[in-house]
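For the protein sequence lines, the chains are A and B, in the order given. Just so you know, the first sequence maps onto residues 1 to 301 in the working numbering. Just so you know, the second sequence maps onto residues 1001 to 1389 in the working numbering.
Don't read these hints as lab results, they were simulated from the structure. What you are looking at is a predicted structure, and each value in this text was computed from that prediction instead of being measured. By construction, the Cβ of each residue, glycine as well, lies at the ideal position given by its N, Cα and C atoms. Treat the hints with caution; some may be incorrect.
As the list claims (entries may be wrong) - Taking CB as the label site, the calculated pair distances span:
(1) B/K1254 <-> A/T91: 47 to 57 angstroms
(2) A/D227 <-> B/R1281: 53 to 63 angstroms
(3) B/N1141 <-> A/L256: 26 to 36 angstroms
(4) B/V1215 <-> A/D227: 48 to 58 angstroms
(5) A/D227 <-> B/V1198: 38 to 48 angstroms
(6) A/G257 <-> B/H1164: 31 to 41 angstroms
(7) A/T91 <-> B/N1138: 29 to 39 angstroms
As the list claims (entries may be wrong) - Beyond 12 angstroms from chain B on every Cβ pair, some chain A residues (computed):
(8) D41
(9) A101
(10) G130
(11) Y164
(12) R183
(13) L202
(14) V277
Read off the chains here:
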Amino acid sequence: MSLRRRDFLKLTAAGPVAFAAAATLPTSAHASPAPDNAFDDAYGVLVDTTFCIGCRKCEWGCNEANDVPRRARTEFDDKSVTTVHRRPDATAYTVVNQIAAPPETPQPVYAKVQCMHCNHPACASACIVGALRKQPEGPVTYDAWKCIGCRYCMVACPFQIPGYEYAKALQPRVMKCGFCAERIIKEGRKPACVENCPNEALTFGRRRELRSLAHQKAVASPGRYLDHLYGETEVGGTSWLYLTGVDFARADLPPLGSRPVPELTEKIQHGVFKNFVPPLALFGLLGLVMASQHSGENGGK
Amino acid sequence: MSPTFRRLAWGIVVLSALHAPALRAQKVQTEAEQRSHMEMMKLDCRQCHTCESPTTTTPCLMACPRLTVAQSSGKHVVSEAPESMVLDKLADQYQGVQFDHKLHAGMAEMNTSCSTCHHFCPPGKIPACVSCHSIEANEQNLRQPSLKGAYHRQCMNCHREWSHDTDCNVCHLPVGKYAQAHDKTDPTDIMGKAHPVVVAPKMKSYVTPYAKGPVVTFYHEEHIELFGLRCVDCHQKENCSYCHDLSKPQAQKKTMEQVHSLCSSCHQNAKCSKCHDTVERPAFSHASTGWSVGRFHSRLECRACHPTGKRISKVNRDCTSCHGGWNQSNFRHAVTGLQLDETHASAECADCHENRHYNLKPTCAGCHDDKRDFKAVPPGKYVTVSRKR
Chain A
1 MSLRRRDFLK LTAAGPVAFA AAATLPTSAH ASPAPDNAFD DAYGVLVDTT FCIGCRKCEW
61 GCNEANDVPR RARTEFDDKS VTTVHRRPDA TAYTVVNQIA APPETPQPVY AKVQCMHCNH
121 PACASACIVG ALRKQPEGPV TYDAWKCIGC RYCMVACPFQ IPGYEYAKAL QPRVMKCGFC
181 AERIIKEGRK PACVENCPNE ALTFGRRREL RSLAHQKAVA SPGRYLDHLY GETEVGGTSW
241 LYLTGVDFAR ADLPPLGSRP VPELTEKIQH GVFKNFVPPL ALFGLLGLVM ASQHSGENGG
301 K
Chain B
1001 MSPTFRRLAW GIVVLSALHA PALRAQKVQT EAEQRSHMEM MKLDCRQCHT CESPTTTTPC
1061 LMACPRLTVA QSSGKHVVSE APESMVLDKL ADQYQGVQFD HKLHAGMAEM NTSCSTCHHF
1121 CPPGKIPACV SCHSIEANEQ NLRQPSLKGA YHRQCMNCHR EWSHDTDCNV CHLPVGKYAQ
1181 AHDKTDPTDI MGKAHPVVVA PKMKSYVTPY AKGPVVTFYH EEHIELFGLR CVDCHQKENC
1241 SYCHDLSKPQ AQKKTMEQVH SLCSSCHQNA KCSKCHDTVE RPAFSHASTG WSVGRFHSRL
1301 ECRACHPTGK RISKVNRDCT SCHGGWNQSN FRHAVTGLQL DETHASAECA DCHENRHYNL
1361 KPTCAGCHDD KRDFKAVPPG KYVTVSRKR
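Chain A extracted, bound-state conformation (with noise of 0.2 angstroms):
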């Protein structure tokens, strides 16, 4: 048997795609799988975006409580800034935009950004080093000793949160919402912005109970919230939910599917290299076919 060099490498290009197809095909089957709750008794916070104000409490307790630049209270007063749309960058990890809201709403709408703390999150797939963890109480925290500064956790985001501190020459470091993990984990306190908001629009809790109380507050009032709860289902599920009463889908909730991001490159990935049998397969042909081929030379003579 002859082996020309083309096919060679169409067998060996052919061999992991196949593997990988294999891994994935039952995970396609099914185009919406079920929420994934495994993190309903983790914490989360419910945003009820129709009581918040645009005050920027939030935004002012946040500074105060985390190791970012810290700005004068007096700044937090300014509410002009809520009108242009910001994002949460390397010296803020949270901000409140104003929304764009149809014309009849007799008030304008808010929402807060911050990490979602999705239930899958594709910052700490990406990550190669294991700087970023999902922790089992529902925070996505970030250890910036391991951290090499790839950023490839900012490119994997699907709401695009964390910053980076660019300005910084030395130890720059990824810059995103840690859920207060310390403060409500270790001191059993509530996050400095759930705490800092007059209003009460947000709902420290866990989330299973947030979920209910969200479905109940949509039931109740129908005229005031939309029948969606957002981070329930999106990508995967998220500790952090919205309920909202204008569409967000140009604000900073944007329309995603429920399958978590890195659910195929990870499937793909460990697929593999499950067991190590893929590559000892991969291998094994790859020797069968040099077999193949070198008893034909030798039957050959």
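Given chain A, work out where chain B should sit, using these hints.
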């Protein structure tokens, strides 16, 4: 069965028989309470209670009846509430708020009344906010805001509507380390100043585009005093922003229906000429109906004689149609200005008032043949009657 056990069993039977009336009495009382709740507040049990048979000891009340119980029992008046109060239960970062209750209650009268804020008013004393909304958030009931959330939601809901401002120092002054950073408040700010008294107009005259009768004369005072309308019957949704929000867009032109809806809700099927005229009309006078209400009848509300609701119906002018129960022994004649002497006081009403027609001239001919006149020879003495109400 052992004797001891038998005695015990009998004891239980006798005791429970003795207790039965007491148990029944308790049940009756509960039923009475249920009835009063339902009649006063027109509620279904399930709107407040979660279990089948609530009692005073285990009322199994819902955690927050806000969405189901909007109306109060209507027994409270603003004057019984304090004029102002200081909300200072959370005064660690900011000073307590001087809250002018009277002012806010006055404004709420033009809107959705007391229940705008007091959304849960069981019969009796109105509960303080803190009696439901605890200072620390209720972990068991995440739906119920803590006191901080409850206050802010109530206040900010309206305040941001007209002032478009969510600054803390609109109501609070910062304390402690934040006090230094606080800007001086705007001297033109109306907060903390008493609202000028809104003077209700006596009469308003409108010029309308209706050619046949451009002038509509509306007697405001009359509608309140005579017809007993409440402010909120006509002035609906007139909240702060109705007057104070200067940034709101110009009001859209109202349709014919919208313009007339306030009047037509009572004046149903009325002709145009009911209100429209070419000149200003005089105020309503009962004399124009052919019956001038005197000293006593003017004290009555319209509905005392015209009880059929919104439509004013004709009333039988015969006195006995209302005052059928009067006779010489229970009617104090002095209130008419004439105190009968002893002889006449014992006479029957019909002796002077023919067929008991009190609105006609009384006659003396029933007893006296001398054709005397009751004015010239009075059957008693004339007295001055106090005209005070």
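Going through the hints against the structure:
no.: 1; hint: B/K1254 <-> A/T91: 47 to 57 angstroms; result: holds (51 angstroms)
no.: 2; hint: A/D227 <-> B/R1281: 53 to 63 angstroms; result: holds (54 angstroms)
no.: 3; hint: B/N1141 <-> A/L256: 26 to 36 angstroms; result: holds (32 angstroms)
no.: 4; hint: B/V1215 <-> A/D227: 48 to 58 angstroms; result: holds (52 angstroms)
no.: 5; hint: A/D227 <-> B/V1198: 38 to 48 angstroms; result: holds (42 angstroms)
no.: 6; hint: A/G257 <-> B/H1164: 31 to 41 angstroms; result: holds (38 angstroms)
no.: 7; hint: A/T91 <-> B/N1138: 29 to 39 angstroms; result: holds (35 angstroms)
no.: 8; hint: D41; result: holds (15 angstroms)
no.: 9; hint: A101; result: holds (14 angstroms)
no.: 10; hint: G130; result: holds (34 angstroms)
no.: 11; hint: Y164; result: holds (31 angstroms)
no.: 12; hint: R183; result: holds (16 angstroms)
no.: 13; hint: L202; result: violated (10 angstroms)
no.: 14; hint: V277; result: holds (48 angstroms)
In this structure, only the earlier hint numbered 13 is contradicted, and the remaining ones agree with it.
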